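Quick mapping for you: the protein sequence lines, in order, are chains B and H.
Numbering-wise (the numbering used here), the first sequence opens with residue 1 and increments by one.
Numbering-wise (the numbering used here), the second sequence opens with residue 1001 and increments by one.
Hints in this document: simulated from the structure, not taken from any laboratory.
For clarity, every value in this text was computed on a predicted model and none was experimentally measured.
Beta carbons: idealized from backbone N, C-alpha and C, even for Gly.
Treat the hints with caution; some may be incorrect.
Calculated cross-link-like contacts (lysine-lysine; reagent style PhoX-like; alpha-carbon spacing at most 25 Å) [as the list claims (entries may be wrong)]:
#, chain 1, residue 1, chain 2, residue 2
1, H, 1031, H, 1009
2, H, 1204, B, 191
3, B, 365, B, 293
4, B, 293, B, 303
5, B, 303, B, 191
6, B, 114, H, 1029
7, H, 1204, H, 1014
8, B, 272, B, 303
9, B, 393, B, 303
10, B, 110, B, 136
11, H, 1154, B, 165
12, B, 128, B, 114
13, H, 1154, B, 272
14, H, 1029, B, 293
15, B, 293, H, 1204
16, H, 1014, B, 128
17, B, 303, B, 365
18, B, 272, B, 367
19, B, 293, H, 1034
20, B, 128, H, 1204
21, H, 1034, B, 110
22, H, 1154, H, 1009
23, H, 1009, H, 1204
24, B, 110, B, 128
25, B, 128, B, 165
26, H, 1029, H, 1014
27, B, 166, B, 365
28, B, 191, H, 1009
29, B, 367, B, 393
30, B, 166, H, 1154
31, B, 165, B, 272
32, B, 394, B, 365
33, B, 128, B, 56
34, B, 191, H, 1031
35, B, 191, H, 1107
36, B, 394, B, 166
Just a few of them, taken from the derived set where beta-carbon distance is under 8 Å, the chain H residues facing chain B [what the hints assert, rightly or not]:
#, residue
37, 1104
38, 1107
39, 1121
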Amino acid sequence: MITGFGIQSPLGCHWDEVQESIRTGQHRVGPIENFDTGGFPMTAAGEVRHNGQVVKTPGQVDRKVHFLDRALDQLLQRTQLGNRYEPDELLLNMGTGIDYLDSEGYFTRKEFTKPPGETIESHNQTGKAIRELACKYGIRGGCNTFVAACAASSQAIGFSYKLLKKGLAKAVVAGGSDSMTSHATYIGFYKLGAMAFTDEGATTCKPFDRCRNGTVLGEGAIAMALERAEDAPRDQVIMEVAGYGSTSDSFAITDPDPTADMLTRSVELALKDAGISPELIDCVHLHGTGTPKNAPVEYLALKRVFGDRVSELPVYSMKGQMGHLVGSCGAMELLGVAYSIRRQEVPHTVNFSERDPAAPLFVVKDKPLSIPIRYVLKLNASFGGHNTALVLKKPGV
Amino acid sequence: MLKLLNKVKVIYKKYHAGQDIPVFDHVSKRKLTKYYTRETMAAAVALGELYGEQRPSADTPFFYSTGELEFMDYFREVCNNFRKTSSKCFFGRRAANSFSGAYFIEKVMPRLSPLSQFKIMRNMPHCLIALEYGLKGENALFLDSLQGLLYSAKMCEYDGPLLIGAGKLYADGGAESGFAEILPGELDDLPLASPEDDPLAFFKRISQSLCV
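Bound-form chain B, shown alone (with noise of 0.2 Å):
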């Protein structure tokens, strides 16, 4: 059961700000505020904002860390999991992205000078902040970092669903945090190929649409509490996960399989481990990346499990409005999965205005689509060919 969320997002730090924020469709991508961008081929991201603006930090701090330790405090204040269970009994499952590099600091401080091996002040290595972390909140059950790329976070809550399920821990802080929003991190990403090519602001990000020429990145960190059903307040219950299914394509270091037989292959594994038969499945919140390779494969995918209703089933992504959290999109896209479930709504697709004829999905646009809604099948997919599926159902289904 998931009993709670810390958020630390474009589309806000609370949960009803987020809701607000993807309900209304607001676009969270913009030009980059907290660092100088001058002279990027592209400025688009969706940074972390409160009430709308978007936070800034010294050029110092790791992003990711940063937010990942206010989430934390959120949550933990919101769920008071450590009034509830004992320090042995939490586990912290986390996905990230890269380690931060201040590229300031390292030029102003002249690190670069300093031979292979020695502390670097502008280097934060993120797998040992995160445990620091775990150990600053009081989580002494265990801490697992997954660097899955783009499925690292959906990696996180998958593992922390089936501990709680094989009985192998009682309660589980897991999402994740990551932020590329900085100026080796950006330009790195921009040179892998995957963001779009025409810097178009807020617009820039179109998943599905016929238009679609790349994605944009975002920056963000979720935590979630995972506890079992017999020891959740039921009236926290947000939502419950019911199926995880993780493949790898194996075809190519960047780009999906254009046969999406693995991505079909974990949508399968997760509908069996839920014990549902795809008719079940109301509607899909996919990966949709806004690339022009990323479509055709979810689609393939969706068509394989779903036959001819996948022309009626509908479908979402929450890139177009934020952009790609990268080692966070999983975690933050449940908590449009959590929109859905709770209101009942699939949320429309921002930036989608025509459909592609290479992947005719139900791509829900302009407004949100209200219709009842008990199981919720979430796609995540990454470079390096990590394929996630999981479950989610409504509380009391």
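Given chain B's structure and the hints, the job is docking chain H onto it.
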């Protein structure tokens, strides 16, 4: 160091800085080696010796723990380019005191190798090993977590041997790699790791104990 005991196959390899890693003896997809770090090279050699002529089933689950990157090609390239350009004038000013986005784009970005972005992605060793062996099954990728590896293996419902492994690249270019092919049931007698346990120390320890 490869021994077979109680059906558990384990291997542990360590390479010092500058030591040759004979990766070409153990990979079939040679074009992809341009994306290999020395951690990936060590992993390819270790697995080549673990499997020999055998090939694992495509649906073999594969769980891997990579190390904190102490030697990051990309960041080193960035810093080398800082070193090259810091003494030169830039936009009419001494560059050493004038870091800016434009400076980064004009002076550093063009000099970065197109391969470096791939090498700093933490999931590349797992991805490249999966590509070499055609591994498409259940997977998870951790950062320095023996607990994660052993829990994953213990919870795996696959009916056959699965693969767990770990690797690390050091600041001086040294590299370590360890792998084990095990059946999920074989972990029942093994105490689960504490959060602090190091995955490479685990592979080293069990490979040595199996050698006795």
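We went through each hint and held it up to the structure:
For the proposed pair residue 1031 (chain H) and residue 1009 (chain H), the alpha carbon gap of about 29 Å is over 25 Å, so the pair is violated. For the hint pairing residue 1204 (chain H) with residue 191 (chain B), the CA-to-CA distance comes to about 38 Å; that exceeds 25 Å, so the pair is violated. For the given pair, residue 365 (chain B) sits about 21 Å from residue 293 (chain B) by alpha-carbon distance, which is consistent with the 25 Å threshold. Annotation: proposed proximity of residue 293 (chain B) to residue 303 (chain B) holds, straight-line Cα distance about 16 Å (limit 25 Å).
Taking the CA atoms of residue 303 (chain B) and residue 191 (chain B), the gap is about 32 Å. The hint is violated against a cut of 25 Å. Of the supplied pair hints, the one linking residue 114 (chain B) and residue 1029 (chain H) is violated, its CA atoms being roughly 36 Å apart against a limit of 25 Å. Annotation: proposed proximity of residue 1204 (chain H) to residue 1014 (chain H) holds, straight-line Cα distance about 9 Å (limit 25 Å). Restraint check for residue 272 (chain B) and residue 303 (chain B): the C-alpha separation of about 17 Å stays at or below 25 Å, so the hint holds.
Between residue 393 (chain B) and residue 303 (chain B) the alpha-carbon distance is near 22 Å, which keeps this suggested pair within the 25 Å criterion. Of the pairs offered as hints, the one joining residue 110 (chain B) and residue 136 (chain B) is violated, with about 32 Å between alpha carbons and a cut-off of 25 Å exceeded. Pair hint residue 1154 (chain H) plus residue 165 (chain B) holds up; C-alpha atoms about 13 Å apart against a cutoff of 25 Å. Restraint check for residue 128 (chain B) and residue 114 (chain B): the C-alpha separation of about 21 Å stays at or below 25 Å, so the hint holds.
A C-alpha spacing of about 19 Å is found between residue 1154 (chain H) and residue 272 (chain B), which places the hinted pair at or below 25 Å, so the restraint holds. Between the alpha carbons of residue 1029 (chain H) and residue 293 (chain B) the distance comes to roughly 24 Å, so the proposed pair stays at or under 25 Å and holds. Restraint check: the Cα-Cα separation between residue 293 (chain B) and residue 1204 (chain H) comes to about 42 Å, which exceeds 25 Å; the hinted pair is violated. Only pairs whose Cα atoms come within 25 Å are accepted, and residue 1014 (chain H) paired with residue 128 (chain B) is accepted, the gap being roughly 23 Å.
Taking the CA atoms of residue 303 (chain B) and residue 365 (chain B), the gap is about 20 Å. The hint holds against a cut of 25 Å. Simply put, residue 272 (chain B) and residue 367 (chain B) have alpha-carbon atoms about 32 Å apart, too far for the 25 Å limit, and the pair is violated. For the hint linking residue 293 (chain B) to residue 1034 (chain H), the alpha-carbon distance of about 24 Å falls within 25 Å, and the restraint holds. A hinted pair counts as satisfied when its Cα atoms are at most 25 Å apart, and residue 128 (chain B) with residue 1204 (chain H) qualifies at roughly 22 Å.
About 30 Å separates the Cα atoms of residue 1034 (chain H) and residue 110 (chain B), which puts this hinted pair outside 25 Å; it is violated. Of the supplied pair hints, the one linking residue 1154 (chain H) and residue 1009 (chain H) holds, its CA atoms being roughly 17 Å apart against a limit of 25 Å. Restraint check: the Cα-Cα separation between residue 1009 (chain H) and residue 1204 (chain H) comes to about 13 Å, which is no more than 25 Å; the hinted pair holds. Proximity of residue 110 (chain B) to residue 128 (chain B) is assessed by CA-CA distance (about 24 Å); at most 25 Å being required, the pair is judged to hold.
The straight-line distance between the Cα atoms of residue 128 (chain B) and residue 165 (chain B) is roughly 28 Å, outside the 25 Å bound, and the hint therefore fails. Using a Cα cut-off of 25 Å, the hinted pair residue 1029 (chain H) and residue 1014 (chain H) holds, with the two alpha carbons roughly 23 Å apart. A C-alpha spacing of about 40 Å is found between residue 166 (chain B) and residue 365 (chain B), which places the hinted pair above 25 Å, so the restraint is violated. Taken as a hint, the residue 191 (chain B) and residue 1009 (chain H) pair is broken in the structure, with Cα atoms around 40 Å apart against an allowance of 25 Å.
Between residue 367 (chain B) and residue 393 (chain B), the direct Cα distance comes to roughly 23 Å. Compliance with the 25 Å bound is thereby established for this hinted pair. Restraint check for residue 166 (chain B) and residue 1154 (chain H): the C-alpha separation of about 10 Å stays at or below 25 Å, so the hint holds. Taken as a hint, the residue 165 (chain B) and residue 272 (chain B) pair is honoured in the structure, with Cα atoms around 15 Å apart against an allowance of 25 Å. Among the hinted pairs, residue 394 (chain B) with residue 365 (chain B) is consistent with the structure: their alpha-carbon atoms are about 24 Å apart, no more than 25 Å.
For the proposed pair residue 128 (chain B) and residue 56 (chain B), the alpha carbon gap of about 23 Å is at most 25 Å, so the pair holds. With a CA separation close to 20 Å, the supplied pair residue 191 (chain B) and residue 1031 (chain H) stays within the 25 Å bound. At roughly 15 Å between alpha-carbon atoms, residue 191 (chain B) and residue 1107 (chain H) fall within 25 Å of each other, so this suggested pair holds. This hinted pair checks out: residue 394 (chain B) and residue 166 (chain B) have alpha carbons roughly 21 Å apart, not beyond 25 Å.
Proximity of residue 1104 (chain H) to chain B holds as hinted, the smallest CB-CB distance being about 5 Å (cut-off 8 Å). With its C-beta approaching chain B no nearer than about 10 Å, residue 1107 (chain H) sits outside the 8 Å limit, and its interface hint is violated. About 6 Å separates the beta-carbon of residue 1121 (chain H) from the nearest beta-carbon of chain B, less than 8 Å, and the hint is met.
Of the numbered hints stated above, those contradicted by the structure are hints 1, 2, 5, 6, 10, 15, 18, 21, 25, 27, 28, 38, listed in ascending order.
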